[in-house]
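Protein sequences, first through last, are from chains A and B. My numbering puts the first residue of the first sequence at 2, with every later residue one more than the last. My numbering puts the first residue of the second sequence at 9, with every later residue one more than the last.
One should not assume that every hint holds.
What the hints assert, rightly or not - Below, computed lysine-lysine pairings styled on BS3-like, alpha-carbon distance capped at 27 Å:
{"id": "1", "chain 1": "B", "residue 1": "K14", "chain 2": "B", "residue 2": "K87"}
{"id": "2", "chain 1": "B", "residue 1": "K87", "chain 2": "B", "residue 2": "K172"}
{"id": "3", "chain 1": "A", "residue 1": "K247", "chain 2": "B", "residue 2": "K165"}
{"id": "4", "chain 1": "B", "residue 1": "K78", "chain 2": "A", "residue 2": "K114"}
{"id": "5", "chain 1": "A", "residue 1": "K131", "chain 2": "A", "residue 2": "K7"}
{"id": "6", "chain 1": "A", "residue 1": "K197", "chain 2": "A", "residue 2": "K131"}
{"id": "7", "chain 1": "B", "residue 1": "K192", "chain 2": "A", "residue 2": "K180"}
{"id": "8", "chain 1": "B", "residue 1": "K138", "chain 2": "A", "residue 2": "K180"}
{"id": "9", "chain 1": "A", "residue 1": "K114", "chain 2": "A", "residue 2": "K197"}
{"id": "10", "chain 1": "B", "residue 1": "K165", "chain 2": "A", "residue 2": "K251"}
{"id": "11", "chain 1": "A", "residue 1": "K182", "chain 2": "B", "residue 2": "K138"}
{"id": "12", "chain 1": "B", "residue 1": "K172", "chain 2": "B", "residue 2": "K144"}
{"id": "13", "chain 1": "B", "residue 1": "K138", "chain 2": "A", "residue 2": "K247"}
Claimed, not checked - Ranges of calculated distance between the beta carbons of each label pair, as one might list FRET restraints:
{"id": "14", "chain 1": "B", "residue 1": "A174", "chain 2": "A", "residue 2": "D120", "range": "47 to 55 Å"}
{"id": "15", "chain 1": "A", "residue 1": "E193", "chain 2": "B", "residue 2": "L217", "range": "47 to 55 Å"}
{"id": "16", "chain 1": "A", "residue 1": "Q78", "chain 2": "B", "residue 2": "E64", "range": "37 to 45 Å"}
{"id": "17", "chain 1": "B", "residue 1": "E64", "chain 2": "A", "residue 2": "K85", "range": "39 to 47 Å"}
{"id": "18", "chain 1": "A", "residue 1": "K251", "chain 2": "B", "residue 2": "E17", "range": "43 to 51 Å"}
{"id": "19", "chain 1": "A", "residue 1": "T242", "chain 2": "B", "residue 2": "L217", "range": "25 to 33 Å"}
{"id": "20", "chain 1": "B", "residue 1": "S36", "chain 2": "A", "residue 2": "E193", "range": "37 to 45 Å"}
{"id": "21", "chain 1": "A", "residue 1": "V249", "chain 2": "B", "residue 2": "H46", "range": "39 to 47 Å"}
{"id": "22", "chain 1": "A", "residue 1": "G119", "chain 2": "B", "residue 2": "T190", "range": "41 to 49 Å"}
{"id": "23", "chain 1": "B", "residue 1": "N63", "chain 2": "A", "residue 2": "E76", "range": "51 to 59 Å"}
{"id": "24", "chain 1": "A", "residue 1": "E79", "chain 2": "B", "residue 2": "D40", "range": "28 to 36 Å"}
{"id": "25", "chain 1": "B", "residue 1": "R43", "chain 2": "A", "residue 2": "E31", "range": "48 to 56 Å"}
Since the hints were derived computationally from the structure, they do not count as laboratory data. Built from N, CA and C at the ideal position, the CB exists for glycine as well.
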Amino acid sequence: MNEFLKNLLSKSPIVLDGAWGTQLQNKGLEPGEIPDIWNLNHPEKVYEVAKSYIDAGSNIILTNTFGANKIRLSESQEFSSKVKEINQRGVEISKSAANGKAYVFASIGPSGKLLMSGDVTEDELFKVFKEQAQTIVEAGADGIVIETMSDIEEAVIAVKAAKTTGLPLVACMVFDSGKAKDRTMMGNTPEECAEKLLDAGVDIVGSNCGQGIETFLNICKRLHNASLRQVWIKPNAGLPTVVDGKAVYKTTPEEFVRYVPDLINAGAGFIGGCCGTNPEFVIQIRKYCSSYNQIGL
Amino acid sequence: MEDLKKLSEAIIGGDAQSARAITEKALSQGIDPVRIVHDYMVPAMNEVGQRFDCNEYFVPELLLSARAMKSCLELLRPKLASGGVKAAGRVVIGTVKGDLHDIGKNLVAAMLEGGGFEVIDLGVNVSPEKFVDAVKNMDANIVAMSALLTTTMPAMKTTIDALKDAGLRQKVKVLVGGAPITEKFADDVGADGYSENAPGAVSLARKLLAA
Chain A
2 MNEFLKNLLS KSPIVLDGAW GTQLQNKGLE PGEIPDIWNL NHPEKVYEVA KSYIDAGSNI
62 ILTNTFGANK IRLSESQEFS SKVKEINQRG VEISKSAANG KAYVFASIGP SGKLLMSGDV
122 TEDELFKVFK EQAQTIVEAG ADGIVIETMS DIEEAVIAVK AAKTTGLPLV ACMVFDSGKA
182 KDRTMMGNTP EECAEKLLDA GVDIVGSNCG QGIETFLNIC KRLHNASLRQ VWIKPNAGLP
242 TVVDGKAVYK TTPEEFVRYV PDLINAGAGF IGGCCGTNPE FVIQIRKYCS SYNQIGL
Chain B
9 MEDLKKLSEA IIGGDAQSAR AITEKALSQG IDPVRIVHDY MVPAMNEVGQ RFDCNEYFVP
69 ELLLSARAMK SCLELLRPKL ASGGVKAAGR VVIGTVKGDL HDIGKNLVAA MLEGGGFEVI
129 DLGVNVSPEK FVDAVKNMDA NIVAMSALLT TTMPAMKTTI DALKDAGLRQ KVKVLVGGAP
189 ITEKFADDVG ADGYSENAPG AVSLARKLLA A
């Protein structure tokens, strides 16, 4: 494993951040608007989100670059040529919010295309992810998190592309399919995913999004046993319900944090939240994790 | 009929090439296209749906079977049409306004086509007006909407309201789906049905049209 991550994990559990997309929506991001574009148009709002997680006690925050790959950005004519600027600004904003108090891991999300349907080829995906990863390393990120992946084949390509940067590398799958909700959309188990991601050279495997925290215990345990490493976990604040035309996540920070001890026992070394979580969740996780080793930054 | 059992097997196994070849041969032998569809293809797709329910099949297997089914239907449809047999229904499908994620929508469209429906794919980011126009102009009897984002799911209600305002709501059955959608949400926005997965959407569409 990467030395930097090995050292970091000697101080685990490491507190991650919460959601970015749902936080930006609270600040006026319109439905359907590409959040990553805000790095250029509303950097101050993106900074506010980053800073809110630093203030809440995150040891690692991510960047607003989840969809900043060429395929996603080509949904907008104006921004399809700005992969570099958007990623660069994304890393800069998070770094300036962190200001040496936390590490910045840049987010790489899925392309939104399905390899199997022939909408995109493996070569194209590799190029697209490599372009994003190279920009991220040049901008000075401390690591890369490939996240919210539903297709292990795409995740493996992203890992291989990001591996070219030499940065510490985390890859997370979404497990939300099958009766026990322990498979990816394409049917892969945590064990299969861990094996393929490690073979591709990832340092840490994990799972994010898709479900509420209660279902992550089983997934976490299985990823831990399969990878023999501590696991990166970011659950949603439950599944959303719609109240007055707005999506509302029902899990409270207090309910969420009740699962954190069991997650740590199940092998989680990095814990944060995905959709619907906010700085309040991080404050609660921080509070609990402070009883463990403090990370010395 | 040994050959036609192999048609079912080819569809279940996702082997489009064999499925198409068997269909071609059967048609050349003068076998009734309606029988090919009803006795061999529909049961095959039902089996695929069951295997999906049992966690034996996942998205890749669904896609392959739907592709095999579609390939056969391309050969059969002209014959069925000239024999006066109509499609199971006409569906307009799209992701709702603001939502650009189309993997789920494409999968449902493929399964519906495989299930014998005529599918008019309006693509992504489809406005309520565009859904209304399509229902009006294409004479559809099903509207299928997909949303991946919690921020865009309220657009399902806007679209249903637009169908009501246009006086078209009684004319169509509305299906909704997508990762954040639940049965309760579907009820709340006044949809006719919700399916958690793509094979479920096909049986739901059939059930709603039969009701």
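- Confirm or reject the claim that K251 of chain A and E17 of chain B have a C-beta distance inside 43 to 51 Å. Distance hint for K251 of chain A, E17 of chain B holds at roughly 46 Å.
- Query: CA of K87 of chain B to CA of K172 of chain B, is that 27 Å or under?
  - Reply: Roughly 36 Å separates the two Cα atoms, so the pair is violated.
- Status of the given 28 to 36 Å range, CB of D40 of chain B versus CB of E79 of chain A: 55 Å, violated
- Okay, S36 of chain B versus E193 of chain A on CB: inside 37 to 45 Å? 43 Å, holds
- Distance restraint between K197 of chain A and K131 of chain A, which requires alpha-carbon spacing of 27 Å or less: Distance of about 19 Å is within 27 Å: holds.
- Query: Taking the CB of A174 of chain B and the CB of D120 of chain A, does the distance hold inside 47 to 55 Å?
  - Reply: 33 Å, violated
- Message: Range first: 37 to 45 Å. Now tell me if the beta carbons of Q78 of chain A and E64 of chain B are that far apart.
- Response: For E64 of chain B against Q78 of chain A, whose Cβ atoms are near 44 Å apart, the range 37 to 45 Å holds.
- Sort out whether K251 of chain A lies within 27 Å of K165 of chain B, counting only the CA atoms. 21 Å, holds
- Message: If I claimed the Cβ atoms of T242 of chain A and L217 of chain B lie 25 to 33 Å apart, would that claim hold in this structure?
- Response: At 29 Å between Cβs, range holds.
- Given the hinted pair K182 of chain A and K138 of chain B, is their alpha-carbon gap at most 27 Å? Violated, at roughly 35 Å.
- Query: Within 48 to 56 Å or not, the Cβ separation of R43 of chain B and E31 of chain A?
  - Reply: 52 Å, holds
- Item | Pairwise hint evaluation, K87 of chain B against K14 of chain B, where the allowed Cα distance is 27 Å at most | Between K14 of chain B and K87 of chain B the Cα gap is close to 21 Å, so the pair holds against 27 Å.
In terms of the numbered hints stated before, the structure departs from hints 2, 8, 11, 14, 15, 22, 23, 24, listed from lowest to highest.
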